[in-house]
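Those sequence lines, one after another, are chains A and B.
Using this note's numbering, the first residue of the first sequence is number 1, and each one after it goes up by one.
Using this note's numbering, the first residue of the second sequence is number 1, and each one after it goes up by one.
Wrong hints could be hidden among the right ones.
For lysine-lysine, the following BS3-like pairs were computed, each having C-alpha atoms within a straight-line distance of at most 25 Å [to be verified]:
(1) K60(A) x K67(B)
(2) K237(B) x K170(B)
(3) K409(B) x K92(B)
(4) K880(B) x K790(B)
(5) K347(B) x K335(B)
(6) K67(B) x K56(A)
Think of the hints as simulated: they come from the structure by calculation, not from any bench.
Computed from a predicted structure; not experimentally measured.
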Amino acid sequence: MKETRLGEFEEVMLLLVGILGEEAYAFKIAEEYETQSGRATSIGAAHSTLDRLEAKGFLKSEMGNATAERGGRRKRIFTITALGKRVLKESRDFRMSLWSQYPAFADKLNYLGAF
Amino acid sequence: MKTRATTPPPLAQRLLLRFLREDLAEDVMGDLEEDFYRTLNHKKPWRARLHYWYQVIHYIRPFALRKSSPRSLNHYAMLQSYFTVGWRNLSKNKLYSSIKIGGFALGIAACMLITLFIHDDLRYDTQYPDKDRIYRMYNVYKENGEVQRAVWFQAPFARAMKEDFPEVEKSGRFLNSELFGAGSNQLRRADETDNTYEEGFIYMDQELLDIFKLPVIYGNPAHLLDKPRTIVITKSKADKYFPNENPVGKQLVLNNDRDNPFTVGGVIADVPATAHFTFNFAMTLQDVEFWQGEQTTWYATNYHSYILLRPGVDPRQFQQKLGLITDKYLLPMLKQSGRINAEEMAKNFTLELQPVTDIHLYSTGIEDGLSHSDVRFVWLFGAVAGFILLIACINFINLSTAKSANRAKEVGLRKTVGSHRSNIIYQFLTESLLFSLISFVLGAMLAWLLIPYFNQLASKSLVFPWATWQLYPLLFAAIFIIGILAGLYPSFYLSSFKPISVLKGNLSRGSRNATTRSTLVIFQFATSIVLIAATVIIYRQMDYILNKNLGFNKDQVVMIQGINTMDRQRQTFKDELLQLSFVKSATISDYLPVRGTKRNGNSFWNEGTRATEESISGQFWKIDHDYIRTLGMKVTQGRDFSPRMPTDTGAVIINQAMAHELKLKEPIGKRLENYRGWEIVGVVEDFHFESMRGKIEPLAMALEPGQNIISVKVGATDMADALVAIEKVWKKFSPHQPVRYAFLDDQYARMYADVQRMGRIFVTFACLAIAVACLGLFALSAFMIEQRGKEISIRLVLGASMKSIFRLLTVNFLKLVLIALVIAIPIAWFVMQKWLEDFTYRTEITWDVFLWAGVIAVAIAVLTISYQSVRAALARPVDKLRSE
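Using the sequences and the hints given, assemble the complete structure.
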């Protein structure tokens, strides 16, 4: 049986793939992660996670177009599969249900800090 | 620089491609490059490159790595195939293979022997349990810019060291001077009558045994020598004199001195050959006093002194404190003896410590009268071993690349059916490892077989260390390293062939790499020529030493030793010898111009200048009236001693060096003094009585009866007859003691035994190196000629003479040899000049040395090549041409 749980970093990667759409390839994703989260990562780390998500069936990839600044090499574009979308949604729903049970001052906590 | 800075670092790219999964290569490379140029926008180029490296390193993750499992499955089969192909190749080209392996094995055997030799030298004095804390003391005296280092100390010195410095745990002395009865003696058990001549007597403190902790077989280690007139003997001597009994408490008589026998205090294991001083019999110094007050005087220096520092004492810091000894003991002594410059002398005098493990190799410049090796020899032989191995490796490389044409098709085919370049490199490396393995096995066996001869040559007692386990990992490491080193170049060269050109037959057969090969041949021959020149010069120097005009005549002189047991009958014995028809003359004196006879040290002044002048140190020999005549020395001024001159008892004959040092132009009739005044009646021409490494020392000779040695000059007759007659006379006087004689010229040659030995070892290995180089040249020329077989045949058909073919084939190689000669001459000249500087009396390096070296090298090369050339020129052209 395939692993369906999402790690926090995996979840962010999946979201970033969704956000970037046509431009979702390893370098861009890593760059976007750095600008959005303010934390450093390497392309290799991002790629490694993307590869794992692909193996789990949440993502699929195909070779896209080439540009001059990458020496005429093609990009590997990742897109979210239906399964991927469902897992993201389940994850969000789970959190929302937890949030709804949480006392009123919830917004003072930074739950992303767990990473 | 600019172009490099603005592209991603190629090395990092190559690394990435090396490990990255192929299907990821394109997009990852693209991503990283994009990232690189992005970074370049806001960072310095070097930061961007560093960043690129960072990204590459971060791609080393399991998901991105190339999967290698399918290939490793195949490894074993491929390896097997490599071995099979390697073996087939080896057995197909028997000549080349045997030269490759034979040369290699020879080189390895030589290397192993030299390694054992060096290892043995490095092992000296490491057998003592406290070796890190044992130090030998030596003194340094600076005088007029000259520095003298010597190990002899005053009798009370060792005790003073221990009493004055708490850092010193133990201190001990030994005394090995023949003046005091050490060295050789006549020995027998107290209950027997026949004397045996024994060597290796030494005086020693019990505490010295405590310091060195030599293994004790019989007796209490703490009380071996602590009673007066005790003696410690080694195991082999104990077995000789007291077979199957415990010798402790038994008595031994020295030199017929029945009233003062020695009691055996203990037996120790034989002193190993790797000790800087050895002995067979150690007599105690307990209660010994060689003359009145000898043990307390600070005037006479005779004792080798050793100390054992307490654990944790830093020898350097300790050394700084040693001025105390000078101030407390030496300065008062100097002042007391009336030296006006006592303060200054004391200031120029320092004491130093030498670790016991350094003595064997690092004692150059320290006078100690013991025989040592020199760390320079270790380096020299190490270098020779390295060169032999290098030459053997070069043979391997040359032959492998030369034969490449024959392997080219194989490489081409392998590549065509999908072999990577790396596979082919592996293949050739495997092959070279195979060669290396076989060579090492043969080399080790060869070394093992040759070890007895090598021991003879080097006068060592080495054994091949089959039993030490450390040998095997070392051997395997060596097999691996040498195999890889020798195979590296050929494998890269062979694997670089392009399949298409090779299979089309475009590769000019083996000649493409002629430049590299030529360079290597030049290197081999340059090395060989340096070795030949060195050999010639070493031989010349040895010849010079042995046949130089020595100032005395060493031929036809028999030294009969051990006449001290005859006591008063010595003179009668001499008279009887003179009765023999072939004895020309005879002299009784213990001082002879060869090592191993008596020496002393004396201070001389022109009479009456003792208080104001520096002393001149020199030898003071006791001779008789026939001495100068018997040894053929030349009196240049004045006269020899004469029995008709009763005043000669107060007269001396000096050598020219003494006259020079005393600044006497007209020495005859002048007076000099040491412990008393003497009148100079004659001057002899300087003669060598010490090694030619040093200058001839000043010498004065006075009349006084000798004790131990009578030297007999024999006329030109059969030496064997003379010896029989001499022995007959001896038996009349000393029936219980076998006669012991030596020839003066033999004894003289023995002084240079170490020089000769080193020379012989060097020459042997030089010859070996040359032989290995020749083997390589032989195979190379055979190959070249084989390659040009068709050309030669066509030339022959068209009417070329044998001479012209021969010239054609040899000239190329001779050119290489000549280039090697030009390179080698300055190197050889420089190196040998350095070696000769060690000798005060030496030959000059003349140009004909290099002429000889060149002629020999060319001759060897021509001989090596000509066999093949002549064979090629004599071959029937039709045999070679028929096939097409």
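Please write out, lowest number first, the hints stated earlier that are contradicted by the structure. 2
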